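**Student:** Residue-level listing of the chains:
4 protein chains.
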Amino acid sequence: MQKITLLIHCKDQKGIIATVTNFILKVEGNITYLDQHVDMEQNVFFMRLESELTNPASSVEAIRADFQQTIATDFNMSWDLYNKEVKPKMALFVSKYNHCLYDILGRYSAGELNVEIPLIISNHMDLKPIADQFNIPFYHVPFTKDNKVEGEKQQIELLQKHKINFIVLARYMQIITPDLISLYENKIINIHHSFLPAFPGAKPYHSAFKRGVKIIGATSHYVTEELDEGPIIEQDITRVSHINSVDDFIMKGKDLERTVLARAIKLHAERKVMVYSNKTVVFS
Amino acid sequence: MQKITLLIHCKDQKGIIATVTNFILKVEGNITYLDQHVDMEQNVFFMRLESELTNPASSVEAIRADFQQTIATDFNMSWDLYNKEVKPKMALFVSKYNHCLYDILGRYSAGELNVEIPLIISNHMDLKPIADQFNIPFYHVPFTKDNKVEGEKQQIELLQKHKINFIVLARYMQIITPDLISLYENKIINIHHSFLPAFPGAKPYHSAFKRGVKIIGATSHYVTEELDEGPIIEQDITRVSHINSVDDFIMKGKDLERTVLARAIKLHAERKVMVYSNKTVVFS
Amino acid sequence: MQKITLLIHCKDQKGIIATVTNFILKVEGNITYLDQHVDMEQNVFFMRLESELTNPASSVEAIRADFQQTIATDFNMSWDLYNKEVKPKMALFVSKYNHCLYDILGRYSAGELNVEIPLIISNHMDLKPIADQFNIPFYHVPFTKDNKVEGEKQQIELLQKHKINFIVLARYMQIITPDLISLYENKIINIHHSFLPAFPGAKPYHSAFKRGVKIIGATSHYVTEELDEGPIIEQDITRVSHINSVDDFIMKGKDLERTVLARAIKLHAERKVMVYSNKTVVFS
Amino acid sequence: MQKITLLIHCKDQKGIIATVTNFILKVEGNITYLDQHVDMEQNVFFMRLESELTNPASSVEAIRADFQQTIATDFNMSWDLYNKEVKPKMALFVSKYNHCLYDILGRYSAGELNVEIPLIISNHMDLKPIADQFNIPFYHVPFTKDNKVEGEKQQIELLQKHKINFIVLARYMQIITPDLISLYENKIINIHHSFLPAFPGAKPYHSAFKRGVKIIGATSHYVTEELDEGPIIEQDITRVSHINSVDDFIMKGKDLERTVLARAIKLHAERKVMVYSNKTVVFS
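So the sequences go chain by chain: S, H, Y and B.
Per the working numbering, the first sequence runs over residues 1251 to 1534.
Per the working numbering, the second sequence runs over residues 1251 to 1534.
Per the working numbering, the third sequence runs over residues 1251 to 1534.
Per the working numbering, the fourth sequence runs over residues 1251 to 1534.
Just chain S, with the same shape it has in the complex (with noise of 0.2 angstroms):
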């Protein structure tokens, strides 16, 4: 049986709920998901549904168009309806640490990720027998500050090239250029090793260190021009105490971040985040 995830985004209005749900009937969907939200001070609404298409002669191409033209003009949706069959795209950054490739690419061998890995990117070398490992191809595409422009033109053309739609920071430790950025919004996720908004930047498990924290956490989010401001998609935390050292925190903070950019990556590929206001609704 086909199935079907509908997205939507839009002002908040009387009579939406009916609408899509009576849509998803005429096209012979039985909804087997729904979830909404009311952003009610921004008056905005959202909407995840899944649905299983009862009719096997369904065009899931011709129910898109359909919907456009009946509902989501009149409504002014944004608004994504995905073919769950398809699996989403991702291409992988990386640069020297190797805990979150290592995990990443164990749960894809597994089968737990519902995407592709056609290639992985970096600006060394080091990881390169990693991939080798998992047969993931390998791009090496230095990036210093005088090659900026030239490297970023590789990484754009290996993603087009690959028809990339999603990539993941593995601990990637450059930053996002604002072209590739403006070309992937709210599509390049980042982990970040701190417990966000506190310690942004460079170093964090060392000022957490510093500042006695019993606490430290790991933060996944999209990249945004501002660096560590883009808007959150998971967090989680673990507890630390006095005996530990900064390598300690270091430690425990690998898996933090491991769980953490993994949970991210499921929920970005089943298609359960959506984003606004710099802030993330997530259907989970």
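Calculated from the structure, these hints are not laboratory results.
It should be emphasised that the depicted structure is a prediction, and the values quoted were computed from it without experimental measurement.
It is possible that part of the hints are untrue.
Chain copies aren't distinguished; within one or between two, either way the pair holds.
Said to hold, decoys possible - Straight-line alpha carbon distances no greater than 30 angstroms define the calculated DSSO-like cross-link-like pairs of lysine-lysine that follow:
no., residue 1, residue 2
1, K1337, K1516
2, K1502, K1334
3, K1378, K1337
4, K1529, K1253
5, K1453, K1261
6, K1339, K1378
7, K1460, K1437
8, K1411, K1502
9, K1261, K1502
10, K1413, K1378
11, K1411, K1522
12, K1529, K1516
13, K1516, K1453
14, K1411, K1334
15, K1460, K1516
16, K1516, K1253
17, K1529, K1339
18, K1378, K1346
19, K1403, K1346
20, K1529, K1502
21, K1522, K1264
22, K1264, K1460
23, K1395, K1522
24, K1334, K1460
Got chain S; can you put chains H, Y and B on it based on the hints?
**Tutor:** For chains H, Y and B alone, kept in the frame of chain S given last:
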């Protein structure tokens, strides 16, 4: 503006959401919250909806009658429609432990619980001073092997006289009789001091200590005739280690019991819990 | 049997533990708890030891003098030796929020806190009825821009008259003056309603909501002259999501504030916290 | 500098700590970590101590002999003294589930686990490609009702040939035979996919789903002859709700299993776990 909360529960069928949201539209309601759940295995549909009635002349009673006539019968629904302003009346049953009682009455006095507490019933006199301190009528109903019938009769009379909607057992150490359970089906909330189904029955902290667990828990559930087997509303846990004695378990457990019971009371009082197949759907 | 708690803090040196445990042996003490910590970076040694005095004729005073003379001077120790039976005297400072006050007084009445509470001081009259309800003397010390000097003078007189050992700010919304801080160095416990160092200062829940975090927290710390920058004693967190409004954050936060502050009070009252370099060693 | 880890376990007696720390002083050790625990109920004493040997000429072997002669005999101690540089050798037993295997080998390759992994043993061929991918020798030892004796014999030969110190069952779905258990007492680590003692045995996620719990867990424990009854090393939990299917439980559980097992391996490999009375003392 009048506000209503609608809870629905029926066999899953096509068009329920569209029908219900069309109805709300018809009675000039503005949907501010809608959540639904389909148990795919058992083919059961659940829905919780909050709505503001934009027409000040609307009658909740009339809407109720209208809903029954035009929708509920057709879909063979179990349903409730609450006026959000009407606070449910809650009875507290206690014995000798005071920590949950202090916590509930503190929250109640602070205005955090959307309930009325017309009375406290106890099989001992020990906690009467606390009831007095908070100005809640306290009834001593002794409950021994010999007066079970009489004791239960007194309890039920008190509950009915005060039009009690639901009962909270705040570490009440007596078995509830089947007659009382049948009068308040899914309306008696207990707090058990373990992570159920681990350690049911008496002295769970001692058993947990003996087993050497690294985490202890507390569980709030509706009371059924099977001891500690009723539908679970909420659970939480805390870490323990070899340095903790049984007394430490008990002390840490008190914090859990307080918090978990308070959350369960809030969820129930705000009509966010639905029960089926000895499980709960919690729309939170 | 008499019980003592010994806290030590000095430069790390060879033989400290052997010397101290030999001393306890000499004074006929049975060590029931010993924990120590070495800050390798700063070369500082910390120790907490509990002991039962097996000789009923032992004098805690004599042991104290002996320890100073035979050990503390040699090792240049900062140290304290407490008689476990002597409860510290705690003053509560409150303003208008009542949830922490209810929680602390409920725990106090239930016998969970090893303290005496001789008085409550407030800049407003709002919470006097709660103090009355729990029979704790309540002092109204108004605190405005114009009477800061006078207000502080009254506070200090009250604290000294009642021989207060430490102060708890239970959502007391005033800045503590430097004079009072210097009198109670590392003895004034505050609860801040955020996961510090994120969101210091006013309205942290509003800032957290605006930033779109997925987790909120509360932090209990000793008050220093730098606002919200003092040594952290305890922190905890809870999850939030897009469905939560600022009011939900505030309500969930109340639970955190209560719990985190209560834990910090217990740790301090049981002499489990040592402070250095604006951080805490918590032997728990 | 040479580093040693000393684990002690004996009847509680006066003067143990003083005696042991004096000994370390004598052999020119600088204590960098000391933790001890007294089980007051059973009158048992536990201690873990780490020390740097400041004299480069020190012999760990000589210290070991000295300790036995001068102290261990007198106090009737069970004890171990490890050279921190010697990594324990760990065997992995697997069946068909791959998520724990990927996780462990990823961490191992990333240098996070202080062990050597000389071999993987499995009753199926399914995971051989993963062993190959990470260059770990893989031995297929089929294990059916009819060849139990033969299978066990092969396992033990492989373990002895590779001088294995401890065994990790990474979702190995077979019962371990008593002979193997007695050879590796408290040295076989299992991961059970529930919050023990809730849901022992087969299909715990299905049972948890049926019971309607709000939290699921995973437990790592040493294997004993009683199934799922061995000493617990580590546990952790995650929240579930009515929206989660059994498959969601299984997926969320995989994350728990990975993390909890990895933590248990680390604790064991760093000699932080001591066992008595079917419980663990975990010095972390």
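**Student:** Each hint needs a verdict: does it hold in this structure or not?
**Tutor:** Structure-based check of each hint:
1. K1337 to K1516: within (12 angstroms within a copy, 36 angstroms between copies)
2. K1502 to K1334: Between copies, since 21 angstroms is at most 30 angstroms while 35 angstroms is not.
3. K1378 to K1337: Both. Shortest intra-copy (25 angstroms) and inter-copy (27 angstroms) distances satisfy the 30 angstroms Cα cut-off.
4. K1529 to K1253: So K1529 and K1253 pass the 30 angstroms test inside a copy (28 angstroms) and across (28 angstroms) alike.
5. K1453 to K1261: The answer is between: 28 angstroms across copies meets 30 angstroms, while 41 angstroms in one copy does not.
6. K1339 to K1378: So K1339 and K1378 pass the 30 angstroms test inside a copy (20 angstroms) and across (28 angstroms) alike.
7. K1460 to K1437: Result: close only across copies, 21 angstroms inter versus 34 angstroms intra.
8. K1411 to K1502: neither (38 angstroms within a copy, 35 angstroms between copies)
9. K1261 to K1502: between (43 angstroms within a copy, 28 angstroms between copies)
10. K1413 to K1378: So K1413 and K1378 pass the 30 angstroms test inside one copy only (22 angstroms; across, 33 angstroms).
11. K1411 to K1522: within (26 angstroms within a copy, 50 angstroms between copies)
12. K1529 to K1516: Result: close both inside a copy and across copies, 18 angstroms intra and 28 angstroms inter.
13. K1516 to K1453: both (27 angstroms within a copy, 25 angstroms between copies)
14. K1411 to K1334: within (23 angstroms within a copy, 51 angstroms between copies)
15. K1460 to K1516: between (33 angstroms within a copy, 25 angstroms between copies)
16. K1516 to K1253: Within one copy, since 18 angstroms is at most 30 angstroms while 37 angstroms is not.
17. K1529 to K1339: Within one copy only: 24 angstroms inside, 39 angstroms across.
18. K1378 to K1346: both (10 angstroms within a copy, 28 angstroms between copies)
19. K1403 to K1346: Close inside one copy (22 angstroms), not across copies (44 angstroms); limit 30 angstroms.
20. K1529 to K1502: both (27 angstroms within a copy, 20 angstroms between copies)
21. K1522 to K1264: both (24 angstroms within a copy, 24 angstroms between copies)
22. K1264 to K1460: between (52 angstroms within a copy, 26 angstroms between copies)
23. K1395 to K1522: neither (37 angstroms within a copy, 46 angstroms between copies)
24. K1334 to K1460: between (47 angstroms within a copy, 28 angstroms between copies)
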